[in-house]
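Enquirer: Chain residues, written in single-letter form:
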Amino acid sequence: MSGYTFRSIRIDLSTRTVEIVPTPEMLCEEYLGGRGFGVALLSDAITHSWNAPEMPLVFATGPLVGTAAPTSGRMSVVSRSPLTGTIFDCSVGGRFGTMLKRAGYDYLEIVGTADRLVALEIDGDAVTILSAGELRGRTVSEAAAGYDSSWSTAVIGPAGELRVRYASIMIDGHYSAGRGGLGAVMGAKNLKLIAIRGGGTVTVADPAMLATARDAIMRLLRTSQAVFGEFGLAEFGTAALVDLMHARRMEPTENFRKTLFPQAGAYSGYAMRVRFNPKKTGCAGCPVLCKKIGEGRAIIPEYETVSHFGALNANSDLDTIIEANRLCNDLGLDTISAASTIACYAELEGRTVPPAVILQILCEIAMREPGRGDALAEGSLRYAASQGHPEASMSVKGLELPAYDPRGAYGMALAYATSNRGGCHLRAYPVSHEILRRPVATDRFSFEGKARIVRIAEDMNAVVDSLTACKFVFFAVSLEEYAKALSAVTGRDHDAQSLFRVGERIWNAERALNRANGFTVMDDDLPQRFFREEGSSGARVSILPIDRKAFLAARANYYRIRGYAEELASHEETR
Amino acid sequence: MERVIRKYIGKIEAQGLACRNDLLFLARDADIYANRPAVGSEQELFGVLEGMNCSALLFARLAEPYRSILDEVVLRDDIVAESGCLFPRDAETRTFLHDIPVVDSFSAEAIRSALARRKTAIIRNHGIVTYGGVTPEQAFIFFSSACFTTFVKYFSDTLRGAQQGALSAGAIAGFCRIWQETERVCSVKGMPLLHAGIPADEDAVCAMMAEAGRAVVEAHLVDSCFGNISYGTDDTIFISQTGSSLDELDGCIDAVPLAGTSSVGITASSELTAHRRILEGTGLNAILHGHPRFSVIMSMDCERSGCDRERCYKACPESRSVAGIPIVSGEIGTGPTALLHTVPEALRHSPGVIVYGHGVFTAGRDDFREAFAALQRIERTCMDTYRTKLSALGVH
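So the protein lines, in turn, are chains A and B. Counting from 5, one number per residue, gives the positions in the first sequence under the numbering used here. Counting from 36, one number per residue, gives the positions in the second sequence under the numbering used here.
There may be inaccurate statements among the hints.
[Said to hold, decoys possible] Coverage of chain B stretches by chain A, computed from C-beta distances (three or more under 8 Å per stretch; other residues unrestricted):
| # | region |
| --- | --- |
| 1 | 56-68 |
| 2 | 121-132 |
| 3 | 176-186 |
| 4 | 275-282 |
| 5 | 405-416 |
[Claimed, not checked] Below, a list of computed lysine-lysine pairs in the DSS-like style, where the Cα atoms sit at most 30 Å apart:
| # | chain 1 | residue 1 | chain 2 | residue 2 |
| --- | --- | --- | --- | --- |
| 6 | B | 424 | B | 224 |
| 7 | A | 284 | A | 475 |
| 8 | B | 424 | B | 349 |
| 9 | B | 42 | B | 224 |
| 10 | A | 283 | A | 553 |
| 11 | A | 553 | B | 42 |
| 12 | A | 475 | B | 349 |
| 13 | B | 224 | A | 283 |
| 14 | A | 284 | B | 349 |
In case anyone wonders, no lab produced these hints; they're calculated from the structure. This one's a predicted model, so the numbers in the text were calculated from it and none came from an experiment. We put the CB at the ideal spot given by N, CA and C, even for glycine.
Just chain B, with the same shape it has in the complex:
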């Protein structure tokens, strides 16, 4: 258990979400393991764990800019005051988190009550608390998702507020302070050295995928460690398994026959069909899917009125783009409004496509250099576009 805790604390620090001294990670089998002694009100967390049927509990005070973002979101969202919950509109929240309750006091009872209903909660003026129903990894995943989703919500709300002329002086001042920190953590890094050319054999395919997956995580182009990645050969699509971490793909890649002659792909990424259709429709073999934040934020920036906003994510009738990059609707996985119906077609005409509120797909021919570069370029473009838009609206 100590090893597991250490691993995920390392990931949290690597992502810049929190420092180890600011987080308490409790995991248990028959005994409880903690990364450090609880301090002050953190003692309440043992009471939370005691009252829940779960494997792990994670609480963290966030690092900047996430700490300020969380404070601003909770402070300025009118719905929180009414309902006690945040309702981010990105795909991650809509599909997995549903909503995020906000707890006003750092008490075992209040936290337990919130986590009995949802996978994660915000403790006002303190941080984020999550639990792992089966394993400690889930606590990490939901924590990372909550950081991602509040980040996306904050910048989306700020842009919308500026467009509506509804930002207060305090909100603008807060934004300027947060932006400085955000630029620091979100600045797009240089192109890493990645394998070049068609891989020689199956082992080389897997090694190339693992390398590209690590690069995507290190470049902060995914939420937590989750996106998906595939590479097609003549008769097989190699694809990351469902729930696999892109920075730990060794042994977590399924080789799925394109002819459908084996059902081993039952453990493949939920986007297997989308990847296969991209491969078959474009002839591009190396496919990446990540969740770069400003791409997600800009995909949700739409000033059109008269729409049913509850349908944007799955059935937007408009042809939208940001800086020439197509934006399509589509849900995760399967179904009549799934992204597998929209993304492959869009990728036939563009090196990358943004899925509304969700993430980005890119593809390249022989190796992952092209797809990775496109993923980086799209995120950089979206971040620049965001800042330019806000500046034009007088938010400097």
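Pulled out of the complex, with its shape left as it was, chain A reads as follows:
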């Protein structure tokens, strides 16, 4: 089988041992790579605490990485989340995945805890653990400054060192393994930085077949207005969604108390284009190039970031949003959780946080400054609970919700609840069909059929994260086309349905691991606000509270489809 190096690295930081281990062929067949590898590798350790030496931190590539398959330059970072307690994976771009593969490895598994702050250098076959005491407290950009462009880096900022529960791992400075606090896991291992480079190539079983598959994928991508259209991701980045979510009246505003922010135009994709004249850039192997860097090296934030540092915090100051994004990246914080936690704080304080104070609080959080910073570093749920108001945390399983109000998209509501990693839009991404009309439009205000649709999408995205491809591509492409690409790369026969079976295996494994840590159907739920409070209706659009009975019926359907009905039954028996 091609597409894999069949070698991986296992490092124990406690003993400072480095092992080159074979990548089992069975692992490749049953879990593909990326997220799937992570799930399999964590299965024996999942009941350990996130900061226990035994807890692995996995960086895993997929079989398409390093090949000509479009958007194949990604990887997954996987561990147990300090924020949610669930198994947690982040799909991340940049060049790290490609470098890992070109260095000759399918995945990197790190266990143990170093006795002092260390860095890891992987230069092809040479794997070195270095003392990194001089990097303590350094920002991401400062810590990575010693590595030129021949390297790719994965770095934590002060937030990761100080175990902020939503600390990120920054890849190549700008690409964030952001959600769930995997930066804190890295910090708990006393690992500040990983630098990697490699010059190898990836063997493809049938290059001609891969070229044909690539042509089919590219042809489909070019039909997608959302990807390559004049207002699509390639032109505006994900900030293109600001205007759309505003028009659909589902932009979370003031900690989800409203769903429309009248000043959102101040930070729309168009506003940022005019202001910064950004250029296209992106992950290795990606034709879309949705990352935007403006004049003066201003990083144009993702949609989630602009909306949450904007509407969610009632802030229309674009400079503050840009700076908040820069600070989060450099300090190593997840922008979604950071912004949402500040919005939660604002609600409980009964006031709007001024723009300058938003920036100040971010620094306090990253440095865990005693008082407010330390309290908010625990995330919105723990903070709100400490104030006696857990209901003010707009989170699922402790993970703060992103910038799609579930009252405006019922499939999204269900998918937030069932997500294995908590309040995440990307597990099933119903926004694709409910808002972007891809691959087909569905009624966003109906639960009809959504249980099945969510299950299908969850399985599909488990595959996408394991290949490791980009979800945006699947606005236009299906597993049918990627199965061809995978067959060409590996030389093994794959089809869409065989890949779906892999996705289902990964999803069920994640669910089982969460169950082992005590998660039940009780955790598959939304904040009560969404069932009780109306959003910002108007302009012939009603954003009503979600009908709780309809939600529960859809969730029960989901359990039946998934084969989890017994979980629901046993929960109801114990009530």
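Position chain B against the provided structure of chain A, taking the given hints into account.
Expert: The following block gives chain B in isolation, referenced to the frame of chain A:
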């Protein structure tokens, strides 16, 4: 789910593709819904659904002439015998379906195996089977596309066969029988009554577009319900959303500022840029794009030799036409070989343009009467031209 199934069965019947008693539409959330009980070998379809991660499954025995067309295509295409697949060359197949596998037995295993790889399959001597990965609507779309694409392939192959003197007596007899039925279902109807004059406001623009969209579908000038339609005002282009049905445009029209000041057009038709360039380049405000079948068939009729046939659809260097109507190359959507680079220029000199293997764009000034009439006229001309050509080749 029952409501959804009923809706799409109604569309299939309205298009004349199949009768409801000849089709089985299965859709599911937690439970499976069917439009009628399965009969005989149709029971196998439940086994197909059970083994697939999808929302819906649709099987239909086609109505005439599609049934005979399907039988002839499968019977007479040499490549089917070699590869077990049909390879139509129209844009719909090239872009979305890729190819269509042909299954020899009505068994769950054989059908599941085909649908694991492609969105639709032909069951030899039975009909067409498709599935909906996300919704039942997709099963309908792919079914309709398969009917369209096999139709185009059959008539294209027949014309080419006649030009090469390669049609057997059986093929000619089959064609004559099929043509009678085809004339019946494809005859171009009269001009419907459409809104006249510049619409008064935005609501009137949307109402006018919805009316024109319904008329295009009722006149069978699109494949399934999909084409696109736009209307330009001073500062805005109103355009059908991506994946919208032309006969259901209420609430599915995006108002996109021409100055580009808002990105709400991210949900617009994949041909947004082509429409905008037509509007800006011609001054014509009412733009229609449909997939009339004989226009597509005639666009692919080219006897020139020495060409790389794999490039015709995207980069034909020739200046081609059929009965004076320009034919241009161009792919769907964006990219250096997209139709947005060829269609707007062609429409500056002609009331309509055919895109190779794809469809027709027409435009008018104040309302959709002119564009609709041009769309009808082009299709009628192409159908007549097709028949005349075949007659001249001795196929009567």
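Enquirer: What hints, given by number in increasing order, does this structure fail?
Expert: 3, 5, 10 and 13
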